[in-house]
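Chemist: Chain by chain, the residues:
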Amino acid sequence: MGKRVGMEVSIAAAEAVKQANVDVISAYPITPQTHVVEHLSELVANGELDAEFFCVESEHSALSVCVGSEATGARSFTCTSSQGLALMSEITYIASALRLPIVMIIANRALSAPISIWNDHSDVMSIRDCGWIQFFAENGQDVYDHVFIAYRLAEDRNVLLPAIINMDGFTLSHVIEPIEFIEQEKIDRFLPPYQPVHRLHPDRPVSMGGIALPPIFTETKKAHEVALQGSMPKILETWKAFGDMTGRYYQPVETYKAEDAETIMVIMGSFGETASAAVDLMREEGRSVGLAKIRLWRPFPFEAFKQATLHAKQLVVIDRAISIGGPGGPVASEVKAALYGEPIRPVVYNFVAGLGGRDVSPSDFIKMVDKAEIEIEEGNREGYEIYGVRE
Amino acid sequence: MTEKLNVFAVRTLTQKEYFAPGHRACQGCAEALAVRLVAKALGRNVIIASATGCMEVVSSPIPFTAWRVPWFHVAFENAAAVASGIESGLKVLMRKGRLPRKKIVTIALAGDGGTADIGLQALSGALERGHDFIYICTDNEAYMNTGIQRSSSTPFGASTTTSPAGKVKMGQITWKKNMPAIAAAHNIPYVATACPSYPIDLVEKVKKAASIEGPAYLHILSVCPTGWRSAPELSIKLGRLAVETGIFPLYEVEHGKYHLSIDFPRLRPIKEYIRLQGRFRHLTEEMIGQIEERVRKEYAELKEKAAKGVAR
Ligand SMILES: Cc1ncc(C[n+]2csc(CCOP(=O)(O)OP(=O)(O)O)c2C)c(N)n1
Ligand code: SF4
Ligand SMILES: [Mg+2]
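Residue numbers (the numbering used here), protein chains in the order written: chain A, 1116 to 1506; chain B, 19 to 330.
Simulated from the structure, these hints should not be mistaken for laboratory data. Be careful, since some hints might not be right.
Stated by the list, open to error - Partner residues are not named here, just some residues of chain A that face chain B (Cβ under 8 angstroms, in silico):
1. GLN1134
2. ASP1138
3. GLU1167
4. PHE1169
5. SER1173
6. HIS1175
7. SER1176
8. VAL1180
9. THR1187
10. ILE1209
11. PRO1320
12. SER1322
13. MET1323
14. PRO1329
15. ILE1331
For each residue, glycine too, the CB sits at the ideal point set by N, CA and C.
If we strip away everything but chain A, and leave its shape as in the complex, we get:
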């Protein structure tokens, strides 16, 4: 068993990057990501981490530097939030299409305007279709663990895709949690140095990033889709291997008291722990409520999700982002799409909550479940609302 240490989650994330023996780090500061890169620069400055560290002039360049370094075969890392992610978004699509296994932590924060430094998921939802593997962490341990999981998976020759670890800004990034550290020898065994299939090097010249004319473009997209969908077994395998090493087994959709529940709340990220507390309170009152936490956002775990929720009468999906002018929150859209083909399926009620750092407490989750159950009872089967709007 590794050492358990009380530590700010951002610092633990940076320590994981160090333990992962990252070669190149390139980032630009933005709240609430700053503590991660500050700590990494400290580690490099103190000689505790042998990496090239660049505090570049923009997030666009931060990811571009990683694209360049990763293409030479160097394990590369970046980290951002909100506006920074929006600025680098162009390159997120390119990094994945070029099949460069970069790992990025996003300390999730609302997108402007109005400018807000606080948490929601609108930043990452803006690049939903960028073709990266995307995880949502529930707590600090998840963030720490997934740095190793993400690199091993991303660099797998059968995967070769970049990966995003979503870490809720402040609610995760800035809290102190007990983190169980993994011994370095174990990590070195779990995550050996990156061996690229192709790299930019004069000994074996390759051209990367050419232009695709219409007769070939569709095929490149199909290949990317096959790769991302096809990464699912590898994801499960990697989680299994990680669990065997640490005793911490992860699942694409994790449930809490959902097996027999009539109503299941569906969430992503740090909502998980608060929502679990709400489930306990409702269970004490004898209510049949459970929780499903989507840990893997891309590739979307359709089968696992159905398995976890299909038996319920209703799902209360609580999104932390809004698709303005659209059908509600992005998670609810996905959930509805996942269930649409099922002859018998639960009714989906959607709340958008916790935008721009608005606190969502256990009692808020209970209120949302109350409201959804009443609405559905009254025949509202397409419910969608923004929760807690002050009028």
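Since chain A is already given, all that's left is putting chain B with the ligands on it; use the hints.
Modeler: Positioned in the frame of chain A, the structure of chain B with the ligands alone reads:
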């Protein structure tokens, strides 16, 4: 004398082609010629990061490539950042013993749009960070790849599709941005201008840039017959005229010291250059006079800097 030497000495260049024939550049494209010469000068041990633009498009239609050296295209505005990453990746992998140590030159290659406009920030960042790389701007004085739109490197008076000569405006109304001066202001060890009409000079400068540690910036005037509305067979001549009229002087800035590569006691009238290009067709005598005056003034300033041996 220099002219004769240039014509003759070209034959001494390597016969090897690293930017292979068969690419899809237009006839008479001096940008492709510049790239070909750059590649010859650099040889095998190089990695090139190209920005989006003509040279990327003409050289890389999947599954073909004109590149016999490692080549990478990522986006339009980030060639300098991508090159920064390549240089750093090689450096750290060699330090950690995961790649054998050897000298590999990292190149960022971009057009004037990818350099003076949308890529200026990434370029400035990379120069300031001091990466060991060469940034090469092939300047054809507009966004040619997308159909001859103006850039900040388009010369005053030139008609482009977004600075058209119309009834009230006479083409580009701003003066060409001085990119070499901007690069030099970053206090980097080496800045130079070049033109493929002077191939030996160009090759020597590329080699010098490659031998210097730290960032180097090369600004290469590249005649584009398609965008300049000039005859393809005149590309070499136009490059020479650009230099001989003082419109595009060839010089180096080494550790802040200016040095003219070729000096002309008397500059040719700019009309000789301007009259061969459709993009300037609409210019009045008055405007040509205005341009000439500015060219002379800037040339004199440059000479003064070179004479003093000091910079900026
Ligand atoms: C972010 C972004 N904006 C715009 C474009 C469209 N675009 C591609 S190449 C180009 C112009 C290239 O001009 P320049 O850098 O001068 O190179 P040239 O084609 O003239 O060699 C433009 C506007 C793009 N690819 N990406
Ligand atoms: S448009 Fe101009 S720069 Fe582009 S390939 Fe043709 S001649 Fe060369
Ligand atoms: Mg151009």
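Chemist: Does the interface hint hold: is PHE1169(A) within less than 8 angstroms of chain B, judged Cβ to Cβ?
Modeler: This hint holds: PHE1169(A) lies near chain B, its Cβ roughly 6 angstroms from the closest one there, short of 8 angstroms.
Chemist: At a threshold of 8 angstroms, is the proposed contact between SER1322(A) and chain B supported by beta-carbon distances?
Modeler: holds (4 angstroms)
Chemist: Does GLN1134(A) meet its interface restraint, that is, does its C-beta lie within less than 8 angstroms of any C-beta in chain B?
Modeler: The hint is violated - GLN1134(A) has no Cβ within 8 angstroms of chain B, the shortest such distance being about 16 angstroms.
Chemist: So, ILE1209(A) near chain B? Judge it on the closest CB pair being under 8 angstroms.
Modeler: holds (6 angstroms)
Chemist: Take the shortest C-beta to C-beta distance between GLU1167(A) and chain B; is it under 8 angstroms?
Modeler: holds (4 angstroms)
Chemist: Using Cβ atoms only, decide whether HIS1175(A) comes closer than 8 angstroms to chain B, and label the hint accordingly.
Modeler: holds (6 angstroms)
Chemist: Mind checking the CB of PRO1320(A) against every CB in chain B and telling me if the closest is under 8 angstroms?
Modeler: Where the cut-off is 8 angstroms and the nearest Cβ of chain B is about 5 angstroms from PRO1320(A), the hint holds.
Chemist: Holds or violated: the hint that MET1323(A) contacts chain B, with Cβ atoms closer than 8 angstroms.
Modeler: holds (5 angstroms)
Chemist: For the restraint on ASP1138(A), tell me whether the closest CB of chain B is nearer than 8 angstroms.
Modeler: holds (5 angstroms)
Chemist: Take the shortest C-beta to C-beta distance between VAL1180(A) and chain B; is it under 8 angstroms?
Modeler: Cβ of VAL1180(A) sits 4 angstroms from chain B, so the hint holds.
Chemist: Tell me if the interface restraint on SER1173(A) is satisfied: Cβ within less than 8 angstroms of some Cβ in chain B.
Modeler: SER1173(A) check passes; min Cβ-Cβ to chain B is 6 angstroms, inside 8 angstroms.
Chemist: With chain B as the partner, please determine if ILE1331(A) meets the hint condition of a C-beta pair closer than 8 angstroms.
Modeler: Cβ of ILE1331(A) sits 5 angstroms from chain B, so the hint holds.
Of the numbered hints listed earlier, those contradicted by the structure are 1 and 14.
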